[in-house]
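Make a model of the complete structure from these sequences and hints.
Just so you know, the protein sequences line up as chains B, A and W, in that order.
So that you can map any letter, position 263 of the first sequence is 263 in our numbering, and since no number is skipped, the others follow by simple counting.
So that you can map any letter, position 77 of the second sequence is 77 in our numbering, and since no number is skipped, the others follow by simple counting.
So that you can map any letter, position 400 of the third sequence is 400 in our numbering, and since no number is skipped, the others follow by simple counting.
No lab work stands behind these hints: they were computed from the structure.
Here a beta-carbon is modelled for each residue, glycine too, at the ideal position from N, C-alpha and C.
One should not assume that every hint holds.
Pairs of lysine to any residue, SDA-like flavour, derived with a Cα cap of 20 Å [claimed, not checked]:
1) Lys346/W / Ala262/A
2) Lys313/A / Gln203/B
3) Lys184/A / Leu172/A
4) Lys385/W / Thr371/W
With the Cβ distance kept under 7 Å, some of the chain W side facing chain A (calculated, not the full set) [to be verified]:
5) Ile186
6) Val189
7) Ala336
8) Gly337
9) Gly349
10) Val351
11) Asp353
12) Asp358
13) Gln365
14) Ala366
15) Trp370
Covered by chain A, according to a simulated footprint, are these stretches of chain B (three or more residues, beta-carbon under 8 Å) [as the list claims (entries may be wrong)]:
16) 63-69
17) 106-119
18) 173-184
19) 247-261
20) 267-273
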Amino acid sequence: MTALTTRLPSRFLPVLATVVLFVITFGVGSVRYDGFASGQVIANLFIDNAFLIVLAAGMTFVILSGGIDLSVGSVVALSTMVTAAGLRAGWPVPLVIIAVLLIGSTLGLLMGLVIHKFDIQPFIVTLAGMFLARGLCFLISVESVSIKDTTFRDVATAVIELPGGVTITYNVVIALVVVLAALFVLHRTRFGRTVYAVGGNEQSAMLMGLKTGRTKVGVYVISGFCSALAGLLFSLYMLSGYGLHAVGMELDAIAAVVIGGTLLAGGLGYVLGSLAGVLVLGTIQTLISFQGTLSSWWTKIVIGALLLVFIAVQRGMIRDRR
Amino acid sequence: MKNRLLWPIVALVALLLLNLIFTPSFFALRIQDGHLYGGLVDVLKNGAPTLLIAIGMTLVIATRGIDLSVGAVAAIAAAVTCVHIGTSPDFGTALAGMAIALVLCAVLGLWNGFLVAGLGIQPIIATLVLMTAGRGIAMLVTEGQIITVNNNAYRQVGAGFVVLPVSILISLAVLGLVAFTTRKTALGMLIESVGVNPEASRLAGVKSKTIIWTVYVFAAVCAGIAGLMISSNVSAADANSNGLWIEMDAILAVVIGGTSLAGGRYSLAGTLLGSLIIQTLTTTVYTIGVAAEVTLVFKAVVVITVCLIQSPKARAALSFRKVAVAS
Amino acid sequence: MTESPPPVVEMRGISLAFPGVKALQDVDFRLFPGEVHALMGENGAGKSTLIKTLTGVHTPDSGTVQLAGDAVAFSSPGQAQEAGISTVYQEVNLCANLTVAENILLGREPRKLGGIDFPAMRKRAAEVLSRIGVHIDPASSLGEHPIAVQQLVAIARAIAVDCRVLVLDEPTSSLDAGEVAELFRIMRVLRGEGVAILFVSHFLDQVYEISDRMTVLRNGTLVGEHLTSELDRRALVSKMIGRELGALEAIEEAAEKHQADGPVLVRAEGLGRRGAIAPFDLDVRAGEVVGLAGLLGSGRTELARLLFGADKADSGQLLVDGKPLHLRGPRSAIAAGIAFCSEDRKGEGLVADLSIRDNLVLAMQAARGWTRPLSRRVKDELVEKYLAALDIRPANPDALVRTLSGGNQQKVLLARWLVTEPRLLILDEPTRGIDIGAKAQIQHLVTTLAAEGTAVLFISAELEEVVRIADRIVVLRDRHKIAELDGGASLDEVVGLIAGEQLPEGVAS
Chain B
1 MTALTTRLPS
11 RFLPVLATVV
21 LFVITFGVGS
31 VRYDGFASGQ
41 VIANLFIDNA
51 FLIVLAAGMT
61 FVILSGGIDL
71 SVGSVVALST
81 MVTAAGLRAG
91 WPVPLVIIAV
101 LLIGSTLGLL
111 MGLVIHKFDI
121 QPFIVTLAGM
131 FLARGLCFLI
141 SVESVSIKDT
151 TFRDVATAVI
161 ELPGGVTITY
171 NVVIALVVVL
181 AALFVLHRTR
191 FGRTVYAVGG
201 NEQSAMLMGL
211 KTGRTKVGVY
221 VISGFCSALA
231 GLLFSLYMLS
241 GYGLHAVGME
251 LDAIAAVVIG
261 GTLLAGGLGY
271 VLGSLAGVLV
281 LGTIQTLISF
291 QGTLSSWWTK
301 IVIGALLLVF
311 IAVQRGMIRD
321 RR
Chain A
1 MKNRLLWPIV
11 ALVALLLLNL
21 IFTPSFFALR
31 IQDGHLYGGL
41 VDVLKNGAPT
51 LLIAIGMTLV
61 IATRGIDLSV
71 GAVAAIAAAV
81 TCVHIGTSPD
91 FGTALAGMAI
101 ALVLCAVLGL
111 WNGFLVAGLG
121 IQPIIATLVL
131 MTAGRGIAML
141 VTEGQIITVN
151 NNAYRQVGAG
161 FVVLPVSILI
171 SLAVLGLVAF
181 TTRKTALGML
191 IESVGVNPEA
201 SRLAGVKSKT
211 IIWTVYVFAA
221 VCAGIAGLMI
231 SSNVSAADAN
241 SNGLWIEMDA
251 ILAVVIGGTS
261 LAGGRYSLAG
271 TLLGSLIIQT
281 LTTTVYTIGV
291 AAEVTLVFKA
301 VVVITVCLIQ
311 SPKARAALSF
321 RKVAVAS
Chain W
1 MTESPPPVVE
11 MRGISLAFPG
21 VKALQDVDFR
31 LFPGEVHALM
41 GENGAGKSTL
51 IKTLTGVHTP
61 DSGTVQLAGD
71 AVAFSSPGQA
81 QEAGISTVYQ
91 EVNLCANLTV
101 AENILLGREP
111 RKLGGIDFPA
121 MRKRAAEVLS
131 RIGVHIDPAS
141 SLGEHPIAVQ
151 QLVAIARAIA
161 VDCRVLVLDE
171 PTSSLDAGEV
181 AELFRIMRVL
191 RGEGVAILFV
201 SHFLDQVYEI
211 SDRMTVLRNG
221 TLVGEHLTSE
231 LDRRALVSKM
241 IGRELGALEA
251 IEEAAEKHQA
261 DGPVLVRAEG
271 LGRRGAIAPF
281 DLDVRAGEVV
291 GLAGLLGSGR
301 TELARLLFGA
311 DKADSGQLLV
321 DGKPLHLRGP
331 RSAIAAGIAF
341 CSEDRKGEGL
351 VADLSIRDNL
361 VLAMQAARGW
371 TRPLSRRVKD
381 ELVEKYLAAL
391 DIRPANPDAL
401 VRTLSGGNQQ
411 KVLLARWLVT
421 EPRLLILDEP
431 TRGIDIGAKA
441 QIQHLVTTLA
451 AEGTAVLFIS
461 AELEEVVRIA
471 DRIVVLRDRH
481 KIAELDGGAS
491 LDEVVGLIAG
501 EQLPEGVAS
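This is the structure:
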C-alpha cells in the first residue's frame, strides 16, 4: 500500500501542479478584477482556445511517443485556406470538411512514414512539413480569403445556452469531444498504451512485439487530423482563410503540452494535463487583457517563464526517480 | 567527408544552372563605384545572416544540441542597438550600441548554456523558452514600435561595401575563424567527442559543460551579429519580424550540409553549402517568377530530398530496388 | 533426453551478412521440446544474430527456418511471438514507464467494450506472476522494481502466451546467485511442461548445471551440436576458442604474486555514498594489484566510481600521497593521476564515432584543455606506440572505434589511460565480453604495469581472474566492504565470504 500512496502523487504531480496553477491564476484574476470570476469568462476561455485544445490533444500523442510535430500551425493555416477557397468555389460544406480532414491526415501520414521508414528525425521532417503546408497556402492564394458561406457562418455564430446564462459555441463541444476521444484512445486501447511504450523505450517496445512502426506513423496521422480539425475550428472562429493564420501556433501547442506536465522525452503525460495547459495559457492572456495597461508582449514573456518553471520541475522529478 | 558533400554540391550547381537558364546574365559580375554587383553577390549578401547563424548552429548541433532561440536573439540585438542609437548619427553611439547588444547576446547564450549544461534540460525545450520569451523581450525593448535609425556607421554592417558587401565579409571571416580555431586547436575534436558520447567524454576528463556553454554563447553572439546585419540593412528594428524563422533556415542549412541532428561529426563546409543552397533557392524561385511565399514549398522539397539521400535506410531501400531491377 | 520427438525448431543453412561482416555462414540449429539447449560461443561468434534470426528481428539471406515442421519466415518479433517463440533479452527489454501488468500483457491484453479490460488484465498478470513464484503488485510501475525483478517480469511476459519456444539470451548476467537459482527452478518447471528453452550464458557453471544439449558456434559458423553430458568443459572451451588452452595457462604462470611494500598511494578513509556504497577504508600502494571481489550490485563499481570522482562521495575523504584530495569530478582525479576504465565500454568509455587516434589522445587532450592541442607528431608517436604495444587491430589510427571488435575497443580504452601515465589505474571489468586472446593480453598487461610501479584496482565478475592476478583482494557484499585478503587467498575463501553463510550454487566452481 505504501507503494500505492507514494506512486500516485509522483505520476500525477505535474498535472496537479498545472491544475493548481490554473486555479491560482484564475483566483488572482477573480480577486483583482470585477467580472473576472464569471461563468462566461470561463466559457470564453474554451471558446477562444477551442482550436488550441484540439491541437494540443494531437500534439500530446506525438510528444508522448517521443516525437515532435512542428507542422501543426501551418496545417491549421492550410486548412483555413482550403476551407475558404473550397467554399468560395461553391463546394458543399460536408465536402469541404472531408477534404480538409483528409488533407491534414494525409500530410501527417506522409510525415510519419518518412520518419519511420527512413529513420529521419521528426524535428526535421515536420519542419519540412511546416514549410510545405504554409507554402501550399500561398499556392492557393497569397491574399486572405474571407468565408461568406451562410451555413458556415450560421454554425460559427450559433451558441449553446448553458444553465446560468452562459453561452458556448459548437467549437467548444467539438474540442471537448476530441479530448474525451483522446483520453479513451490513450488509456483504453492497445494503440494508446503502445504510444506510451514507444515513448518509454522504443527498442523495448519493438522487442516486446508491439507494432511500433504503425504506432509511430499513427501519432502523426492523429496529429495531422487534429491540426486539420483545429483548422476547421479556426476557420469558424476567424471566418477567413489566410496563409499567415496561426503563425507560431505550434509553439503554443507545444507549450501547452509541456506546461500540462507531459515529458518531452516521451512516455509520461496526460491529455487532461494538456487541456489544463491550454487553459493556463488562455487565463494568462485574459488576465493581461483585463489588466489593460500591460502590453501583449508580456504574454510571451510569461509563457516563456512558465515553460521554464515546468521544465525545471520535470527535470527535478527525473533526477528524483534515478 | 568528400562523399558527404557530393550531393549538396550537386544540388547547388543544379540550382545555379537553373538560374542561368532563366537569367542568362545571372553569373555576370560588374564593378560600379568600386563595388561588386551581380546575381552571385546578391545570393551571398542575402544569405550572409543565415550563414552566420548556421555556423553557430553547426557547433551547437555537433554537441547534440539545437538552438531555437537564435531568431529571437537576433531580434533582441537589433532592438537594443536601434533603441540605443535612437536619433544619433554618431559613429561612437552606433559602436557602443552594437557592443551592448552583443554583450547582451552573450549573456543570453550563457542562459541557454546554463539550462542545457547546468540544469541538463533537453536543448530543444531549453531554447524554446528563450524563443518564446525572447520576442516578448525584444518588443519590450522597442515598446512594440518599429525603431528606425539614421546612422551611417550602423548602416555599413548590413548594407556597406568594401568591394564586396560588408555582411558577406563578416560572415566569411567568422567562418574562417571558426574553421581555423576548431582545426588548429583541439576544440573541434572535443566538441565532436561531447556530441558523440557526453558521458564517456566526462569520464575522460573533458570539460563537457564548458564546451556546451561555449557553443551556446558563440551561437548567440553569431545570432546577435546576424540581427545587426538584418536591421542595419534596412536601418530599422522590428521586434516582430527581425530574424523570424531564421533558426529554421539555419537548421536546414546545417542539415543539408550533412551534419546530423544526432550530434557528433560536423562539417562547416557543408554548412556553407547548405546556406548557399537555401539562399539560391529563394533567388531561383524569385527569378522564375513564382510568388516569393511559395519558396517554402521548394525548401520543403529540398530538405526532404537531401535528408532522404543522406539516410542510410533510404539508400538501402533505393539500392535494393536497383538490384531487384537488375536481376 | 531421447531423440524420439521431432525438433520444434529446425534451422538449416542459415547465412546472414551485415555490411562488411559475414555474421552467420551456413549454420544449422535444432531445438527439441522439453529440453534446455545452450547456445555457446565467444563474443562475435554469432549467437545473438542466430537468436535474432529465429525471433524475427533479422531476416536471413539464405536458409530455412521450420517451426514444428512448417516453414516460417518472421518479419518482426511480434510475428514470432504469435507463433509461440518468446524471448527474454540480456538487457531488460520492457518499458519502465508502464505498469507490470501492461508489460506482461500488452499486445495481447483482455478487452471489453472496445477497450482494454484493466481489472481482467491485472488478474491475468497476477496469475502468470504467481506461476513463476513472483509476488508483486501488477498495477505498480515496472521502473519501481529492481532489475532482477524486472528480469522475472520479462520471463512472465514470455510465458504469458502459449509459448513453445523460450529464448533466454544471457538472462543471468544481472542476477545474483539466489536469483539465478530461482530462474533455474522456473526453467525446470517450464522444461517439464514441454517448453523448448534456448539458453545463452557466459557462465560455464550455469550452462553445465541447467542444459541438456549445446550447440557451439565460432566466427559465425557451426562447430557442432553435443549432449552436455558428453562434452567436458575443457573440450567445450577449446571448441569455442578454436585453439588449445595454452594462452590462458601461460597467463596463470605469468601472474606471480608479490607483496607490494611501496608507499601508500591512495587512501580512502570512511569514503561512502548513500545508496551506493557504505563508508569504507582502503589503501592502495604503488605497484600492487588490488582486486575487488563481489557480486553484481555488491557495490564494486560504485566504490570505483567514488575513487575516480565519477560520483560524489557524501562521507569520508580521499588522500593521495597522504594529502587530502577533494574530488570535484573526474578531472580532479585525473589530475591526481587516477584513471578509470568503465565497465560500460560503449556507454561510458569510448567515443564510437571518433577515430582510434582521437580516442587514444582524448584523456590527455582533455587534461591539457582545448587551447593547447597536441601536435600531430606527438599524437602519431603515441598512437604508433600503443597500437603496437597493445596489439590493436586494425592498426589504422583513422579507423572509427565503432568498427572494432570488443577486445580491440577495450584495448583502445586502456591505451587512452596508459597515454596519461596514471599512478592508479582502475579497471572495471576490463575482460568482460572479449575474446580469450585479448583477455590474456590484458591480464598480462596488468601484471606488467604493476611490476613497473603502477597501482591497479582490478574489478571482475570472474572470481578466478581476480584471485589469479590480485596481490590483495577486497571483498564486497551488499554494498559493504566485508574483508581484505592477501594474494594467497583461495577461490573457496573468497566465495565463502561473498556468499555469507550459504554457499550459492552456480558461483562456486
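Hints versus structure:
A distance of roughly 17 Å separates the Cα atoms of Lys346/W and Ala262/A; the hinted pair therefore holds under the 20 Å criterion. About 17 Å separates the Cα atoms of Lys313/A and Gln203/B, which keeps this hinted pair within 20 Å; it holds. A C-alpha spacing of about 18 Å is found between Lys184/A and Leu172/A, which places the hinted pair at or below 20 Å, so the restraint holds. Between Lys385/W and Thr371/W the CA atoms are separated by roughly 25 Å; this puts the pair beyond 20 Å, and the hint is violated.
Taking 7 Å as the C-beta contact cut-off toward chain A, the hint placing Ile186/W at the interface is violated, the least distance being around 35 Å. This hint is violated: Val189/W has a C-beta 40 Å from the nearest C-beta of chain A, more than the 7 Å allowed. The interface hint given for Ala336/W is violated, since its Cβ lies 11 Å from the closest Cβ of chain A, which is over the 7 Å cut-off. Taking 7 Å as the C-beta cut-off, the interface hint given for Gly337/W is violated, the closest approach to chain A being about 12 Å.
Among the interface hints, the one on Gly349/W holds; its C-beta lies about 6 Å from the nearest C-beta in chain A, closer than the 7 Å criterion. Here the hint on Val351/W is kept, as its CB sits about 5 Å from the closest CB of chain A, short of 7 Å. The beta carbon of Asp353/W is positioned within 7 Å of a beta carbon in chain A (closest approach about 4 Å), and the interface hint is therefore held. Residue-level restraint check for Asp358/W holds (minimum Cβ-Cβ distance to chain A is 5 Å; threshold 7 Å).
Hint status for Gln365/W relative to chain A: holds, with the closest Cβ pair at about 5 Å, below 7 Å. For Ala366/W, the interface hint holds, the least distance from its beta-carbon to any beta-carbon of chain A being 4 Å, beneath 7 Å. The criterion of a C-beta within 7 Å of any C-beta in chain A is met by Trp370/W, whose closest approach is roughly 4 Å, and the hint holds. For the region 63-69 of chain B, the stated coverage by chain A is not satisfied: 1 residues place a CB nearer than 8 Å to a CB of that chain, which falls below the threshold of 3.
A count of 4 residues in the region 106-119 of chain B with a Cβ less than 8 Å from any Cβ of chain A is obtained; the coverage claim is therefore met, three being the minimum. Note: the region 173-184 of chain B has 0 residues with beta-carbon separation from chain A under 8 Å; the three-residue rule is not met and the coverage is violated. Using a Cβ-Cβ cut-off of 8 Å, 4 residues of the region 247-261 of chain B lie near chain A, which meets the minimum of three, so the contact claim holds. Under the rule that three or more residues need a Cβ within less than 8 Å of chain A, the assignment of the region 267-273 of chain B is violated, with 0 such residues.
The structure shown violates the earlier hints numbered 4, 5, 6, 7, 8, 16, 18, 20.
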